[in-house]
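Chemist: Residues per chain are reported as follows:
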Amino acid sequence: FYIKSMAGIKVFGHAASTSTRRVLLALHEKNLAFELVHVELKDGEHKQEAFLARNPFGQVPAFEDGDLKLFESRAITQYIAHRYQDQGTDLLPADSKNIAHYAIMAIGLEVESHHFDPVASKLAWEQVFKQIYGLTTDQAVVAEEEAKLAKVLDVYEARLKEFKYLAGETFTLTDLHHIPVIQYLLGTPTKKLFTERPRVNEWVAEITKRPASQKILQ
Amino acid sequence: MAARLVLLPLAPPIKPPHSPLQISPSLSNSNSIFRTKSSTQSPTIPITMAGIKVHGVPMSTATMRVLAALYEKDLDFELIPVDMRAGAHKQEPFLSRNPFGQIPALQDGDLTLFESRAITEYIAEEYSEKGEKLMCPGCKKVKAITKVWLEVEGQQFDPVASKIAFERIFKGMFGMTTDPAAVAELEGKLVRVLDIYEARLAKSDFLACDCFTLADLHHLPAIHYLMGTDSKKLFESRPKVSEWVKRITARPAWAKVVDLQKH
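Protein sequence lines correspond, in order, to chains R and Z. In terms of UniProt numbering, the first sequence opens at residue 1 and continues consecutively. In terms of UniProt numbering, the second sequence opens at residue 1 and continues consecutively.
Looking at chain Z on its own, in the form it has when it is part of the complex:
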């Protein structure tokens, strides 16, 4: 049993810096958060057993999507790392949280959710009075139009953008080589989507309406990765898209999500 504990990294929960429940001094050094030797470190046990827990990792785009919503709402939460390398996401207990074996999963009290876009919608509704508004207030028509652009991100933008991020960034991390032909083909598809966004953003400041909504937020993780690659030219060469990218990535809540990656 003891040998097994050594092999499975049991990283303590990460408490975001702004939370009143501080992690113990030995863990406050950011380098130690992912360290696996745990015998001399005693993490502070959170006082509240309930509260929001996110099972995921800061590098994962889907996890980042959820973290962005939580930070926008100024909600306290714990980020509980999932050991992807050990395949923890494909085993129990994670599979009980998401039978599809993908991060993130979220617990809020005794409610367990998965699928990042269902989670963000839950956060926006359940905590509608807290922090930033993530849905346009007011009439049902605007809500219907927001749903259109939420679908657009999920059906038109993300499948392409995610594949480009995989080719340009994640393949390298797994010792695989970028396929330039694949990148070219995918970028060809992305520009058609971005041309539509350019026309749309000429009519309103954000995709669904004149206020920031989940429809914009859902794009942030893929955009964040692509803006660190050559693909950024596709965004920068379109004036309205470029302004929109600058506006949404400058949000303080997003900076906090990005900051988690640096630890």
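Bound-form chain R, shown alone:
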């Protein structure tokens, strides 16, 4: 008889992409077996038909678990967090059935998505990825975006004075979503914005030293 594979998880993406790494982090936190199917971004594979069938917006990552197909990294991580809640690290709040507590984490997911990531990603693009493509960093953009990031991190500093992590006392998806971009920014002068804020600095150290966070850098 046919035994359905337990590890039917595939990620279609690129190991250096921040959004792909967001998904890989969730999988590593849960010790889930998966296959990373490499999408050759420099050849435009993500804009070709086979990949567009997986994500019509032509962006990595895309994801499969058995016959469930998803895209958008933050939808994928939320799926993983719920579907495999009982495995590995619980990425949901400690009392996840408490709708109010869940809502607090959901706020953090939105904040990362709309306030932190747009700014942080621009800084990573200017200072890291442009170099890779042989383009020049625009320092005016860096200055402008750093000013915005500083304001966001001031809010984080106040938040983290009250709680160990962004959504409360435990590590959740909210913290996880930040890790890939932060890892890139720590290799740039923007690092100072994180290190000069004591609680943010501690939080960054905590979340980047996690075994899963180390695995995605390999």
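Please note: incorrect hints may appear among the correct ones.
Some chain R residues judged to face chain Z by a derived CB distance under 7 angstroms, without partners named [to be verified]:
1. P56
2. L68
3. I107
None of these hints come from the bench; they were simulated from the model. Here a beta-carbon is modelled for each residue, glycine too, at the ideal position from N, C-alpha and C.
Starting from the structure of chain R, add chain Z where the hints point.
Modeler: Leaving out everything else, chain Z in the frame of chain R:
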């Protein structure tokens, strides 16, 4: 102190018309709701101190997103205006509700939330048994797919649609001029998103599945504004998208949100 009270408009809370807690007759004339002279008007003090309060304004797309969810669920609430012109959203006490200084914020009893899409998700979950369903019932797969299209609205549609609405509508309100080159570039991006929606809506009646969910609702405020501009042609020229727009904007709960803008 008295002089300061005159300068800061203290508009009384707006009670939506269907609520059993009626505002006093002097305020029931819709024109008076935003009037700032308050010495002769005595607003009815709501009996319940708890209950849902939304801090925002009916014109704001993010506020409208939350109001839509509340009306879909047939929930009582107060809309407490935030004086944007005076910068109230960038000061206390508002900053204690949303440290990012953006409307809306929501209070439900002693819970305070911000970020409109976190608020609507809370409303859908906490009040799942009331009013209309805002998440597809049933299996977890459908829930996962709903999350995909919630992200699509937030990451792909809204950043572009909001900028077009800003160029075509809000700039004019602030005495600035629409930049036609910017509009053209943004519309170029929007059509790529709408082409994907056209293909998607050929497969199901709504974005996530065959029932109306938050994934559709979140689009309503930006669509409402764009349909009042030349950009409406981008929606109308795509048959499935056009049908979907008509379907979601025809919902009674949405009509109530739009109605609040007329006061």
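Chemist: Hint by hint, note whether the structure agrees.
Modeler: Now the hints, each set against the structure:
no.: 1; hint: P56; verdict: 4 angstroms, holds
no.: 2; hint: L68; verdict: 5 angstroms, holds
no.: 3; hint: I107; verdict: 4 angstroms, holds
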